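For the protein sequence lines, the chains are A and B, in the order given.
Read in order, the letters of the first sequence correspond to residues 245 to 657 in the working numbering.
Read in order, the letters of the second sequence correspond to residues 245 to 657 in the working numbering.
These are calculated hints, taken from the structure and not from any lab test.
One thing to keep in mind: the hints can contain errors.
Stated by the list, open to error - According to the in silico footprint, chain B covers these stretches of chain A (three or more CB under 8 Å from chain B):
#1 292 to 303
#2 423 to 435
#3 601 to 613
#4 628 to 637
Values in this document were obtained by computation on a predicted structure and should not be read as measured data.
Note that beta-carbon positions come from the ideal geometry of N, C-alpha and C, so glycine has one too.
Protein chains: 2
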Amino acid sequence: MKAVLIILDGVGDRPIKALGGLTPLQAAKAEILDLIAERGECGIMDPIAPGQPPGSDTAHLAIFGYDPEKCYPGRGAFEALGVGVDLKPGDVAFRCNLATISDDGVIIDRRAGRISNVDAEKLSESLKEIRIEGVDGVEAEFIHSSEHRGVLVLRGEKLSRMVSDVDPHLTGVKVPKPHPLDDSIEAKRTAKALEEFLEKAGKILRNHPLNKERVKRGLKPANAVLPRGAGVLPRIKSINELWGIKAAAIAGGALYKGVAKAVGFELIKVEGADGTVNTNLKGKVEAVISALKEYDLVFLHIKATDNVSHDKKPEKKVEVIEWISRELKPLVDTVLSENYYLALTGDHTTPCEVGSHTGDPVPLAIIGPGVRRDNVKRFDEISCALGGLNRIRGIDLMRILMNYLGRVPLFGE
Amino acid sequence: MKAVLIILDGVGDRPIKALGGLTPLQAAKAEILDLIAERGECGIMDPIAPGQPPGSDTAHLAIFGYDPEKCYPGRGAFEALGVGVDLKPGDVAFRCNLATISDDGVIIDRRAGRISNVDAEKLSESLKEIRIEGVDGVEAEFIHSSEHRGVLVLRGEKLSRMVSDVDPHLTGVKVPKPHPLDDSIEAKRTAKALEEFLEKAGKILRNHPLNKERVKRGLKPANAVLPRGAGVLPRIKSINELWGIKAAAIAGGALYKGVAKAVGFELIKVEGADGTVNTNLKGKVEAVISALKEYDLVFLHIKATDNVSHDKKPEKKVEVIEWISRELKPLVDTVLSENYYLALTGDHTTPCEVGSHTGDPVPLAIIGPGVRRDNVKRFDEISCALGGLNRIRGIDLMRILMNYLGRVPLFGE
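One chain only, chain A, in its complex shape:
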């Protein structure tokens, strides 16, 4: 018994005027998605709780079966794992932006003019020489991931994730200094080490020849590092320990890879899977089909639906949904012919008219041997609400899937 879990990031939406009062899922001609709904049992799902807008990390934690209220360890560790850092218990990791700030420390561009991979890689290389001297026994490592994105890891004893974000998510304001968020020695040490790293990084970046060259070329210099989302490894049992399964994840974005890895999925790399609308979806789908030979559960994450939602492009979202539906055909054919299970859902709603995550539920459909097929014919927010699964929470989905796989131990006798 094997299962596939497909998450279309931010696929949930609201009725949109530009689409004649339909949601993008309703407006799309998505035969394969609708086939899953028609052959399966459907419902709606609150990733965290009714009305609660989920972050991408908390939503995935919940859908993987981990209560984020109890075990959310901050975003940074997921980012670090996602870019391949070998994170150890005790390490504190931060998601970072390479940014452009003015001489007096005001943020001009949080993405340094969407700096190229090549330039960002070179600048990040120069940060490797930084040594933390003001806090005993702490080392810093900066790892570039893509474009303006990077990860900072502080390693050593007595560190804490209770330090404030440096990235204010705003431009036109001064870069704030990091400060401890509680009274612990650990938080103070971490904030102090972070401050030292940022000062040294700023000095190196401001004087870097590449930045001077960028200014000459009319490009924005990447002269500051803006960390946020301090995080540590979550203290949890792995998905293998919990259910006795081998699980693999196929995703483009670092965060999704990181959450999956943190809970015990093995990451399968697919060339050209980059978490954008230009991702190599064909390659990802082939990789899922192939992985099903070896793994009990394969997680496929598709980010494109969320990207176009944040960009507030409903027509584009319809196109992306139709494209995904077509590309999923070989996988759904395999699932049906091999009698595998498949759960199709989203991690949250990102309404195109809002442009950010909201707390509305997402549609859900599950196919596989013995599921209680209902009358729902279409995979969309409103049709699925009338399905046999009714309304569940994200935290319940993994147990439902593991139940079909016969992996949930009896409670009682």
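With the hints as your guide, set chain B onto chain A.
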């Protein structure tokens, strides 16, 4: 973005023989209520939990977004706030009845023959002279509210709400003495102070000329005070602190005003809003429309549906529902034209054939920009159960509304 929350008290019901097997909501021609269902997303809601009969206070707490399991502080404080008492942390308040008891202390009438406001006011005035002498540093204040109803507040240090009800909700039995419900000094002090107040109140009332005159007139004397529902201010964050909104409440009954005030709603007074079937509903509706100019959330409580349910009058309940539906038209017109949100629901089911609160779910409908309109056309218990909201709990409703208002912070990143 603004929202209206309308609670029709006790509106939920069960199929009734006298109505041809329909519920009062099904039997009523309630065009405006049905319009809300038809334009909106519908569902059913368990105010507390499936099968759990809610009190009016716990149901409202939950619907306002506060878990009564965690923060229910007893009824008395809500009553006190509702009649305008400036309750302080540490005060213990009791809902009280002016009652008629026999010479040997047996309860004859828990409402003293439904004593008039004028008589009750005069008798209550005489209780103001009572001083607590047997317990250090405790003061008592008795406030008449309406007819036989009043509130007693004990103020001072070291008081507790862990004291037993004196009102047994029965006639023909002796008035019990208050006793502490735990071993704390606070509970013992409170029970002792309460006992002293009741003895002194009994003595004053028995000798009051007005009571002697009432007996001559063939009326029952109000010769005892029966306290119940010891309560303190809840320790909670206000609705403004939680969501950053300005909220106003329009209600007749003291309890509803009290719960609303306790969680941070500002009370808007409407002449003739008295929590009965003769309430000034037109005035309340106008007040809601007007309040929407200033407040983000306006709560409208309508008690009449519950009154007729407790009186076991299904035909009257149908009439009341139809009247409410007509009176709500200007408000619903405003909500639709201004693109506000509106949630319509009940606080509990009061089946006319039972005559008291039961644990059945209540219907719920929400209109507003972007709600996922479903196929439900009528606002009743059975139609709404097939709606897109499915089945939620009372505690989830406020977060769902605040999500539409963009007021719920992201959890995670």
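Right, here's what the structure says about each hint:
no.	hint	result
1	292 to 303	holds (count 12)
2	423 to 435	violated (count 0)
3	601 to 613	holds (count 4)
4	628 to 637	holds (count 4)
The structure fails to meet hint 2 from the earlier list, while all remaining hints are met.
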